[in-house]
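A.B. asks: Protein chains in written order, with the numbering used here: chain A, 1 to 139; chain B, 1 to 88.
A few of these clues could be false.
[What the hints assert, rightly or not] Straight-line C-alpha distance at most 25 Å; calculated DSS-like pairs for lysine-lysine: (1) A/11 x B/26; (2) B/26 x A/59; (3) A/56 x A/68; (4) A/11 x A/59; (5) B/80 x A/56; (6) A/11 x A/56; (7) A/68 x A/7; (8) A/7 x A/56; (9) A/7 x B/80.
Keep in mind that the hints were calculated from the coordinates and are not lab data.
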Amino acid sequence: MTTIITKTITKVCIPLVILFSISLLLAGHNNPGGGFIGGVMFASVIALMYVVFGLKYVKTFFNPDWAKWFGFGLTLASLTAFAAMFFGHNFFRSAVEFVHLPLFGEIELVSAGLFDIGVYFVVIGSLLFIFKNVGDDNE
Amino acid sequence: MNSLLLDISLTFMIIAIIPCIYRIIKGPTIPDRVIAVDAMTTVIVAVLGIYSYVQGSVFFMDVALVLAVISFIGTITISKYLDEGVVF
């Protein structure tokens, strides 16, 4: 029995919060943000969509396998950690590179950002896998 | 950037959190506690906004936005659970 107000607010919320979660993910290690809180924001807004529109209706148009997201993120984070060992450095060593893009000016590319993206997918996958499967068991 | 008015408003907002905490601990029913948590989170978001101006830093705004979104989603989920008995 969700009202039309909640549904409209949810439709407005979903793209804005997903954009905010990606911005938190890319804000990275120098500013507040990072993979974990970005993943939590993404998972919470998808959970809001599940709650407001109902799991059965959402499954008809949006039904990813969240366990695969978990596995992809864990693989990506582990491979980022191992990559430095092939170049003779320590485990988990990060490389920093400054690049100049036309429209954005100078930005800082860090290989720890790939690890953050892995953490992002791990958090999304695990939270939504638990949420969906716990909520699903009464039918 | 730091004036007496901002200090007074921060003080009063911190005082406004106390009845919310009382209602969370003492509240006879669960809807009382949910409303109290929602009100307390709103006050904390306002405190973070003013404190961000006092400190001259934009980092508190990220915290305020995350707290507002998570509080909104939690309140809606608990309300639906109390109303219907199921979450989905």
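A.B. asks: Would you mind marking each hint as holding or not holding in the structure?
C.D. replies: Going down the list of hints, with the structure as the test:
1. A/11 x B/26: Violated, at roughly 36 Å.
2. B/26 x A/59: violated, 40 Å
3. A/56 x A/68: Judged against 25 Å, a Cα distance of about 21 Å means the pair holds.
4. A/11 x A/59: Roughly 16 Å separates the two Cα atoms, so the pair holds.
5. B/80 x A/56: Given that 25 Å is the threshold and the Cα spacing comes to 16 Å, the pair holds.
6. A/11 x A/56: holds, 17 Å
7. A/68 x A/7: Violated, because 29 Å separates the two Cα atoms, which is more than 25 Å.
8. A/7 x A/56: The hint holds at about 16 Å.
9. A/7 x B/80: holds, 13 Å
Checked against the numbered hints given earlier, the structure breaks hints 1, 2, 7 and satisfies all the rest.
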